[in-house]
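Starting from the known structure of chain E, arrange chain C on it as the hints suggest.
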Amino acid sequence: MTNPIKQSHINFETTVSNNSMSLQYDKETIVLPSQWKNKSPILFAAGLALLVTGAVFALFTQGADKSDGAAAFKFVTHSYLANFMYVMTIALGALFFILVQFVARAGWSTSIRRIAELIMSTIPFLAVLFVPIIVLLYANSDALYEWNVRENVHSSVIKAKIDVGYLTKNYFTLRAVLYFGLWALMGAWFYSQSRKQDESGDIEHSLLRQKWSGPCIMIFALSASFAAFDWVMSIDADWFSTIFGVYLFAAGMMAFFATMILINAGLQKAGKLQNLVSVEHFHDMGKFMFGFIMFWSYIAFSQLLLYWYGNIPEETYWFAVRLKDGWQYLSYGLIPLHFAIPFLGTMSRHVRRNRPGLVFWAIWVLVVHWLDMTFLIMPNAGPFSLIPLAGHLLGGLGMLLIFFAFFLVRATNVPLVPMRDPRLPESLTYANPIL
Amino acid sequence: MSEHKPRKTSEPKPPRSTGWVAEFSNEHALLEAARKVRDSGYTKTDAFTPFPVHGIDEALGIKPTILPFIVLCAGTTGLLTALLMQWWMNGVDYKYIISGKPFGITPASIPVSFELTILFSAFTSVFGMLALNGLPRLSNPIFTNPRFDRATNDRFFLYVDAGDRYYNRESVKELLSSAHPDSLDEVMEDPSPTTLPRPIWLGALLLVLTGLIPAMIVLNMRAGFSDLPRWHVFFDMDFQPKKKPQQTTTIFADGRTMRPQVEGTIARGQLTEQDPFYLGWDPSKVTLAEVRNPILVSTQDTAAQDPVPAQDPIPATEPAKAESAADANPAEAKPAEAAAEQKPADTAVAPASQPPAAPAAGATPNLPWIDRLPIAADEEHMKLGKSKYDIYCSTCHGYSGFGDGLVAQRAASLLQDTWTPPSSLHLDRIQKQAVGQIFHTISKGQGKMASYASSLTPKERWAIVLYVKALQRSRNATIEDVPVEQRSQLSESK
Chain E
1 MTNPIKQSHI NFETTVSNNS MSLQYDKETI VLPSQWKNKS PILFAAGLAL
51 LVTGAVFALF TQGADKSDGA AAFKFVTHSY LANFMYVMTI ALGALFFILV
101 QFVARAGWST SIRRIAELIM STIPFLAVLF VPIIVLLYAN SDALYEWNVR
151 ENVHSSVIKA KIDVGYLTKN YFTLRAVLYF GLWALMGAWF YSQSRKQDES
201 GDIEHSLLRQ KWSGPCIMIF ALSASFAAFD WVMSIDADWF STIFGVYLFA
251 AGMMAFFATM ILINAGLQKA GKLQNLVSVE HFHDMGKFMF GFIMFWSYIA
301 FSQLLLYWYG NIPEETYWFA VRLKDGWQYL SYGLIPLHFA IPFLGTMSRH
351 VRRNRPGLVF WAIWVLVVHW LDMTFLIMPN AGPFSLIPLA GHLLGGLGML
401 LIFFAFFLVR ATNVPLVPMR DPRLPESLTY ANPIL
Chain C
1001 MSEHKPRKTS EPKPPRSTGW VAEFSNEHAL LEAARKVRDS GYTKTDAFTP
1051 FPVHGIDEAL GIKPTILPFI VLCAGTTGLL TALLMQWWMN GVDYKYIISG
1101 KPFGITPASI PVSFELTILF SAFTSVFGML ALNGLPRLSN PIFTNPRFDR
1151 ATNDRFFLYV DAGDRYYNRE SVKELLSSAH PDSLDEVMED PSPTTLPRPI
1201 WLGALLLVLT GLIPAMIVLN MRAGFSDLPR WHVFFDMDFQ PKKKPQQTTT
1251 IFADGRTMRP QVEGTIARGQ LTEQDPFYLG WDPSKVTLAE VRNPILVSTQ
1301 DTAAQDPVPA QDPIPATEPA KAESAADANP AEAKPAEAAA EQKPADTAVA
1351 PASQPPAAPA AGATPNLPWI DRLPIAADEE HMKLGKSKYD IYCSTCHGYS
1401 GFGDGLVAQR AASLLQDTWT PPSSLHLDRI QKQAVGQIFH TISKGQGKMA
1451 SYASSLTPKE RWAIVLYVKA LQRSRNATIE DVPVEQRSQL SESK
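Sequences listed follow chains E and C, in order.
Residue 270 in the working numbering sits at position 270 of the first sequence; the count goes up by one each step and never skips.
Heads up, the working numbering is the position in the second sequence plus 1000, with the first residue counted as 1.
Bound conformation, chain E alone (with noise of 0.2 Å):
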């Protein structure tokens, strides 16, 4: 059999065996740094912490000029829910890009691709984290999801969508479930199968990924938009959006590239993966970051200006929740600062191919990231108030911490760079034209 791939390019000395192929390298630069590890209890608790203080922060706060215990414990459950999905959009960007560099047969990614395979390998932990709004489900509370009692409800059109089972808490549950456990099944068929090939460096293990990769993608499309529908988009029932699904997919790409582009830049200043990981890998993550910038915008823009013209009511009425008390300042600031101002910063390739330039518009973009998710979900809260939003940004900060610890335990003694696929060399030759 053939070696499909050319060799003439590596730089490493390569030899070949029988059908498999291998590369000499240093060991230690594909191990996690010795500073990092066994650092995840620490970030766990840290991160737990800043959410618990934030939580008990924001509900006295927002507790105390409004004198109602309600109101607060209503804003503490949609800052736990926006903190989540702050992160598990961006858990579900891995996943997704794992899936489309199989799709696309991609080479330029697979120095890359494990860390993304570490990221998507931590949704299960998340799973974890949504059980809270399930038990808030079976509490019989509302302070979420409207829909739980139906008493509460005056909506007509609510009252439907619970009246024909879709929103109950038995289905949501059963839902959520089967959402988790697809992504979970995929994930680890996925990661499971590239820890195979560092073992055997078998192509085969890369062409069954090819061959149910485009199943896969579909599965999480389908998955990943309902999922966008029942968690965030119900807390408000009365109002419906086709395109939200893929909003929350905009963002979480958006976020996903952000994460990387921070993960191996810390990697590499930690003296890890050089060689494997280049300017080029990063300037094409920066490319893929400007692309769903971009991208997010389009699909934001598209959502509004339906909305804006067909002006019906009760279409119009999130938009109108969002632009009055207090809400239209993030609303608004959104435009700049989520849209045109990193759009134009990471426009350029000089920035691309600059490693601190890079570094500063990926925490730029993770911190719009939060501050879209606080625009999608915290508005449903009531109005806007600056010292309770303190409180759900720890929660975010804590999450951060929490998802990142989750990261390094998946990356304890795991190589972070598939050495033995078939693409490896591709991706180490992989040059960006020069324009």
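Hints may be right or wrong, so weigh each one.
[To be verified] Quick list of in silico lysine-lysine cross-link-like pairs, BS3-like style, CA-CA up to 27 Å: (1) LYS1459(C) - LYS1469(C); (2) LYS39(E) - LYS269(E); (3) LYS1101(C) - LYS324(E); (4) LYS287(E) - LYS1063(C); (5) LYS324(E) - LYS74(E).
[Stated by the list, open to error] Heads up, incomplete: computed chain C residues facing chain E, CB under 10 Å, no partners named: (6) HIS1054; (7) GLY1055; (8) PRO1064; (9) LEU1072; (10) ALA1074; (11) SER1099; (12) PRO1107; (13) ILE1110; (14) SER1413.
[As the list claims (entries may be wrong)] Cβ-to-Cβ under 8 Å is the rule here; a few derived chain E residues that face chain C: (15) TYR138; (16) SER156; (17) LEU304; (18) LEU305; (19) TRP308; (20) TYR309.
If you're looking for bench data, these hints aren't it; they were derived computationally from the structure.
Ideal placement from N, C-alpha and C gives every residue a C-beta, glycine not left out.
Structure of chain C alone, referenced to chain E:
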């Protein structure tokens, strides 16, 4: 031709060298040679390969192009052009209300701005690329080398131009041969003439001149003067054997081309405006001026307006008061409505021979309704009426006419306060309406009810009227209405 001879005999210039081209059999040798040439300081170089070779830009020392910045400027220009255009057109110059949206820059301006940004950027990319590359160019001296044809197949070429500031014929030759090319040739200028052949020029000139002929003729006829009569391309279209309105004629004694209508006839297309069968009322009983006002009032459905105020002000103002009282206090609506409805119902039932000069004001026009069905009240029409009623009317009015159709029920359950419930057909005022008025309501609509004239033929509408009358009668039936032989069945079923 003799004057051209000296040019032909003149000494032909020796073909000028434009540079050196080296041929390689693989891309690695090409890359190596390119790096060598780059490191020697040459910049006017080029490589020709059958497929894109990674790293060739770096090996040739190609500087990043300025094109992205030009495209950025063009895109920004496009964006601003679009915004300025839309602001001027819709905000200043021609304010036109579209769906009640504000003027000037709105979210609807964004797609146009996006498109124009892309359009300007795309054109600038393509034409800027061509311009920066000095294209289009019909020929290149390198094509004179027959080996060069393989550049699109399996060979790799490196070219150093003689225009380079450091170019020296001998040293470039030495440099390229040190890279061990498969062949090394000097590129000579194409000796063939660069001017277009004369016949092509002449042919083009002839074409242009021929194309001018029709334009010249038109121009001459438009601007010039002539004693000849005007030339008509289509004579029989310009002069047709017919008369137009308002023209005179000698054919008729009164000299008019427009002829009055013949006594006792109905003009084509006007049957529906003259026959009670299509109207529900008899137009021969009233003059046009008397009819016009009530019709207008009925379509607006304003009960308080008086159709003929000058003739009888007292009955007109009375219901108006009652109606405004009903608006003010919904609890009193019923008696007020009944009072308002009493009068038109009375006049409607009254014989149609009475002129409509003294009507009572109401939601319905006061017209000489016909009170006899123009169709036979038989089984066939009853069946037709029932089927059409069930299709078109029952959705709102309900199968038995109580105003409880599915649409009405659904609207009521949604608590839509903009919904006007359909009337029960068994209300006293509707029971008293003449058949012509019910027909009129179906044809023209009433209140929120739309016209059904486009869905139902006049015959079908009359059949529905028949069926509605039967429904109404069924609610007021006595035991005497049931045939004697079937009365026993009724008591059994109870």
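(request) Hold the hint about TYR309(E) up to the distance rule: shortest CB distance to chain C must be less than 8 Å. (result) holds (7 Å)
(request) Below or equal to 27 Å on CA atoms is what counts here, so check LYS1459(C) against LYS1469(C). (result) Roughly 15 Å separates the two Cα atoms, so the pair holds.
(message) Need the status of pair LYS287(E), LYS1063(C): alpha-carbon distance at most 27 Å?
(response) Given that 27 Å is the threshold and the Cα spacing comes to 21 Å, the pair holds.
(request) May I ask you to test the interface hint for LEU304(E) with respect to chain C, counting a Cβ-Cβ separation under 8 Å as satisfied? (result) holds (6 Å)
(request) Hold the hint about SER156(E) up to the distance rule: shortest CB distance to chain C must be less than 8 Å. (result) holds (5 Å)
(request) Decide if the proposed pair is consistent with the structure: LYS324(E) and LYS74(E), CA atoms, cutoff 27 Å inclusive. (result) Measuring from Cα to Cα gives roughly 19 Å; hence the hint holds.
(message) Interface hint check: PRO1107(C), Cβ to nearest Cβ on chain E, cutoff 10 Å. Holds or violated?
(response) It holds, given that the least Cβ distance between PRO1107(C) and chain E is near 5 Å, below 10 Å.
(request) Under 10 Å, Cβ to Cβ, is where SER1099(C) needs to be relative to chain E, so tell me if that hint holds or is violated. (result) Nearest chain E Cβ about 7 Å off; hint holds.
(message) Run the distance test for LYS1101(C) versus LYS324(E): straight-line Cα separation, threshold 27 Å.
(response) holds (20 Å)
(request) Please verify that hint: LEU305(E), Cβ, nearest Cβ of chain C, below 8 Å or not. (result) LEU305(E) check passes; min Cβ-Cβ to chain C is 5 Å, inside 8 Å.
(message) Would the hint on LEU1072(C) be counted as holding, given a Cβ-Cβ threshold of 10 Å to chain E?
(response) Holds, because the Cβ-Cβ distance from LEU1072(C) to chain E comes to roughly 8 Å (cut-off 10 Å).
(message) Using the nearest Cβ pair, does ALA1074(C) come within less than 10 Å of chain E?
(response) violated (14 Å)
When each numbered hint is compared with the structure, violations occur for hints 10 and 15.
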